[in-house]
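Engineer: If you're matching them up, the sequences are chains A and B in order. Using my numbering, read the first sequence as starting at 1 and increasing by one per residue. Using my numbering, read the second sequence as starting at 189 and increasing by one per residue.
It should be emphasised that the hints constitute simulated quantities derived from the structure, not laboratory data. The hints are all genuine.
Here are the simulated DSSO-like pairs of lysine-lysine, each with C-alpha atoms no more than 27 Å apart in a straight line:
1) A/LYS40 to B/LYS225
2) A/LYS51 to B/LYS225
3) A/LYS51 to A/LYS172
Note that the structure is a prediction, hence the values are computed from the model and not measured.
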Amino acid sequence: MQALTNKVEVVSREPLTFWERMYLPAILKGMAITFSHMFKKKPTINYPEKKRPFSPVFRGLQILNRDEEGREKCTACGLCAVACPAEAITMEAAERQPGEEHLYKEEKYAAKYEINMLRCIFCGFCEEACPKDAIYLSETFAPSNFQRKGFIYGKDDLLIPDPIKEPEAFAKARGSRAAHPEGHGNEH
Amino acid sequence: MILAIDWMVFIEKLVLIIAVVSGSLVIAMYSTYMERKVAAVLQDRRGPNRAGPFGILQPLADGLKLFFKEEIIPNFSSKFLFILGPCLAMLTAMMVGAVIPWGNKVNLFGRDISLQIADVNIGILYVFGVVSMGVYGIMIGGWASNNKFSLFGAMRAASQIISYELAMGLSLIALLMVTGTLSLKDMVGGQMDHWWNIFKQPLGFLIFLICAFAECNRTPFDLAEAENELVGGYHTEYSSMKLGFYLFAEYINMFLSSAVMVSLFFGGYDIPFVNDMHLAQNIGTNWAAILQGLCLFGKIVFFLFLFMWVRWTIPRFRYDQLMNLGWKILIPLALFNMVITGGLILLKQNHWHF
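Using the sequences provided together with the hints, build the complete structure.
Structural biologist: This is the structure we're talking about:
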């Protein structure tokens with residue numbers, strides 16, 4: 001039959017020659033090959049010390065955002081929970097009391113905001129649904145925990161650090177998104 | 189007076205024994221680390237690098253893990269033999285160290301101390317005797333486990349070691365004809381400042397090397413623990429430190445067979461290209477002994493590397509190929525080598541006249 005490609009290699013079924021049956025030359029050849037691999041560059045990246053750069057549209061764990069004065073942006077409108085295809089988000093709304101203006105940006109805020117990270121599929125629909133730019137997906141990933149309840153992230157886990165009180169932690173949480181402050185990295 | 193024991197000799201031998209035993213244990217420990225690193229480097233990986241700088245503490249972590257594992261003795265096993273197996277393997281592995289000359293001698297407290305535990309005048313025969321005992325550890329362990337895969341592994345190990353011991357012994361007879369002595373110390377002494385035996389017996393060395401691989405149950409002759417055929421081989425049923433003993437025994441065997449090979453063929457503690465006698469006179473016996481020890485160690489490490497290099501290059505033999513190689517190739521080759529050597533020695537004694 002005619003070969004369809006030029007990649008065909010015919011296997012030789014001839015009996016081995018004396019040189020091949022000596023076996024030792026073949027062994028030496030093999031050992032030379034393995035030895036040469038000692039000087040090859042290793043493709044491994046030492047993970048916790050060194051990290052690969054993320055793509056700008058990487059979708060990691062969610063973060064609840066604050067404005068420049070450190071006030072929570074979320075108004076507990078519930079659009080993210082509606083958009084969530086995995087139904088991972090639950091929240092309870094509360095009204096802002098007088099004297100709490102420095103804590104919450106608008107009159108209504110989320111008293112409880114929970115994301116079940118075992119349900120979340122990191123699609124980023126919550127970020128797209130949010131009219132207030134209050135939630136976005138960060139570059140953090142690989143959460144680990146010993147118990148299931150540890151995967152239900154509350155406001156303590158989700159809120160970004162205060163930009164005034166802890167500017168360094170805030171900048172770290174912002175990550176590369178700090179370059180474009182209103183950044184919806186994965187929009188458009 | 190036969191009862192007048194020189195207590196100093198007793199003490200110095202005791203210290204030497206402790207040093208050799210603990211030394212070979214530490215080296216066996218770090219051979220496991222070296223094995224993993226060499227394997228990694230040959231396969232473009234990094235190997236253990238988490239425990240301590242460069243993963244230096246990895247063997248300690250491994251040992252600790254083995255110690256803390258549950259000790260399981262199978263219900264249907266023969267309990268006494270089950271425990272005896274790893275003990276024997278370890279014991280026989282360690283015993284070889286007794287006759288290997290680790291250096292010439294040191295001068296401490298006004299005494300000349302020979303760096304060899306026992307200068308037995310049949311040193312190499314002793315090595316053979318002890319090494320062939322090593323198969324008992326494997327055989328007893330495999331049989332006592334009462335598991336067919338263990339028994340298969342043990343049977344393979346036994347038949348393999350017995351077959352390859354023949355070729356090993358025959359290859360050595362030619363060497364013994366050349367050196368004219370059985371004592372390892374004299375053999376090393378004969379190679380000091382002369383040609384090493386490897387140049388007199390290259391074929392003998394090759395056969396000895398191949399047989400040493402087989403004796404240590406190392407790839408390509410690791411049929412006794414062929415994971416894909418036998419689950420785990422003779423130590424399938426073993427756990428915790430009893431398994432550790434088997435694994436350790438393998439590395440100690442490797443270390444000591446490297447030492448034997450170096451002593452027989454590569455001049456032992458001889459420093460190459462240097463006149464050791466003059467060196468000892470110039471810089472003192474103790475410094476010379478240290479240099480010689482380092483030199484021996486370097487040679488041994490090279491052989492350990494060779495063991496590992498071969499392991500991560502060559503696939504395992506099939507059982508019939510193993511037996512063919514042992515009985516149909518190595519033994520006739522060794523006999524041929526013996527006859528040729530004998531003929532040459534006769535010719536030399538006759539001043540190269542027929």
